[in-house]
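Generate the whole structure from the sequences, applying the supplied hints.
Mapped onto mature numbering (1 follows the signal peptide of the UniProt record, and there is no 0), the consecutive letters of the sequence shown carry residue numbers -23 to -1, 1 to 344.
Please keep in mind that the hints were generated in silico from the structure rather than gathered at the bench. Among the hints, erroneous ones may be present.
[Claimed, not checked] In silico DSS-like pairs for lysine-lysine, Cα to Cα no more than 30 Å straight-line:
no.: 1; residue 1: K171; residue 2: K186
no.: 2; residue 1: K338; residue 2: K66
no.: 3; residue 1: K59; residue 2: K4
no.: 4; residue 1: K130; residue 2: K95
no.: 5; residue 1: K235; residue 2: K4
no.: 6; residue 1: K59; residue 2: K101
no.: 7; residue 1: K4; residue 2: K171
no.: 8; residue 1: K186; residue 2: K62
no.: 9; residue 1: K62; residue 2: K303
no.: 10; residue 1: K62; residue 2: K95
no.: 11; residue 1: K66; residue 2: K235
no.: 12; residue 1: K338; residue 2: K313
no.: 13; residue 1: K62; residue 2: K100
no.: 14; residue 1: K130; residue 2: K120
no.: 15; residue 1: K120; residue 2: K62
no.: 16; residue 1: K156; residue 2: K186
no.: 17; residue 1: K235; residue 2: K171
no.: 18; residue 1: K4; residue 2: K177
no.: 19; residue 1: K100; residue 2: K66
no.: 20; residue 1: K100; residue 2: K171
no.: 21; residue 1: K120; residue 2: K171
no.: 22; residue 1: K156; residue 2: K62
no.: 23; residue 1: K101; residue 2: K66
no.: 24; residue 1: K62; residue 2: K130
no.: 25; residue 1: K5; residue 2: K95
no.: 26; residue 1: K5; residue 2: K101
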Amino acid sequence: MRKSISFYLLPFLFIVLCLSSCSKTEKKTEYTHAIPANATEVAALDLTSIVDKAGLNNSDTQVTLQKLLGLLLEGGNANLKKEVKPLLKDPAISGIDWSAPVYVFEAPTLHNTAVTLKISDLKKFEAMLQIFVQEQFCTDPVKADGYRSVEIKDTGVLFAYNDGTLLVVYGGSSEQLQKLQPAITALMQQPADKSIHTNKYFTPMMQQKGDIRLLATPDALPMDVRGVLNWPHGTQLLGYVLFENGRIYATLQSADFKGETQESNQPFHPQNSRELQQAMMSMIHGRAFNISLTSDELLTLSNLRVLMEYASDEPEINILYMLIMKIEELNLRGDKNRTNFTVVLNEKNENALKQLIDFAKLFAGIK
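Below, the structure is given as structure tokens:
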């Protein structure tokens, strides 16, 4: 019986299909899909702007970072220090897109803070991880459903990654990270319609100016802040932090609020703790406020002026005193819909973030 030519072609076609399926590359993922729709807090960090404003992209900073690296890896493997140095000089070789926002968020299923970053080159990222594996800084990659993961040894931190997404999870211990595996897998596989993109305020959040942009609920705020600003449970909040020359500006508001706040243009300067408490009570009751404090007033209200007379040799007191003396004025103004916070520094010709970083380096002994 004569067989058709297609009969003989079937095995060949089968082999071709198998080879093509095996060589098919993984589909690149969108890293923001790892942020769940019910995240109680999402902060987007513009690292490019932050690094530039902090003055961390110059040659002097490279020396500082080398010192900091030495402190972090003190007593550790010398080869690891050597391997990490090129990453400090050229972060792009990590395979991470540092020009994309870095998102820090609170995921209810993780019961903790997580971070997601954009992987632009998976091969470079895995090459970096291989260095860490060789130096026993992290475990060997473990393959999971649609991603791989490594655990940074003795830290309780896990990196889950695929082509496009890096999810950094803190569990506290290896045992706890194991318990979180189902939640981590769910986030790594999460489609767009289950992610933060379904929150109608996510796009407005990213359209804000600011080096740090925020989308949150009152539950994510510290208890003392939550008590003073007194937003109703379930309110969606938008905010941002912007570092400028001689000034830090921050705002937090109800996401639906579009109008102007009703505070007076004449700031109130509390002269004692009783007046400050009265101003705080006014805020708690939702009344408009405009409160300002100069450095002298801060020293008085904090009793730091008295403490400096008797305990100026205490490092914590001395640091706080010097920090306050850098401030010209603090201002808190707004109403129940929006709160604006401004820090004005004495030095107006240098970015406020760089001034803070230089101050921190000075007291850390690495300047």
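Note to self: Run the distance test for K156 versus K186: straight-line Cα separation, threshold 30 Å.
What the structure shows: Distance ~38 Å between K156 and K186 Cα, so the pair is violated.
Is it true that the CA of K235 sits at most 30 Å from the CA of K4?
violated (40 Å)
- Task: Quickly compare the C-alpha distance for K120 and K62 to 30 Å and report which way the hint goes.
- Result: holds (28 Å)
Q: Below or equal to 30 Å on CA atoms is what counts here, so check K171 against K186.
A: holds (26 Å)
Discussion item. For a C-alpha distance cap of 30 Å, please report whether K59 and K4 respect it.
Written reply: With a Cα-Cα distance of about 34 Å, the restraint between K59 and K4 is violated, given a limit of 30 Å.
* **Satisfaction of hint between K171 and K100, Cα-Cα up to 30 Å** => holds (28 Å)
| Can the restraint linking K235 and K171 be considered satisfied, given a maximum Cα separation of 30 Å? | holds (28 Å)
- Restraint check for K62 with K95, where alpha carbons must lie at most 30 Å apart: holds (22 Å)
Given the proposed pairing of K62 with K130, does the C-alpha separation stay at or below 30 Å?
Holds - the C-alpha atoms of K130 and K62 are around 20 Å apart, at most 30 Å.
**Asked** Are K186 and K62 close enough, with their CA atoms no more than 30 Å apart?
**Response** violated (33 Å)
Margin query: Just to be careful, I want the Cα atoms of K5 and K101 compared with a cutoff of 30 Å; is the pair within it?
Written below: With Cα atoms ~15 Å apart, K5 and K101 stay inside 30 Å; holds.
Q. Has the given pair, K4 with K171, been kept, meaning a C-alpha gap of at most 30 Å?
A. holds (19 Å)
The structure does not agree with the numbered hints 3, 5, 8, 9, 11, 12, 16 and 22 stated previously, though it agrees with the rest.
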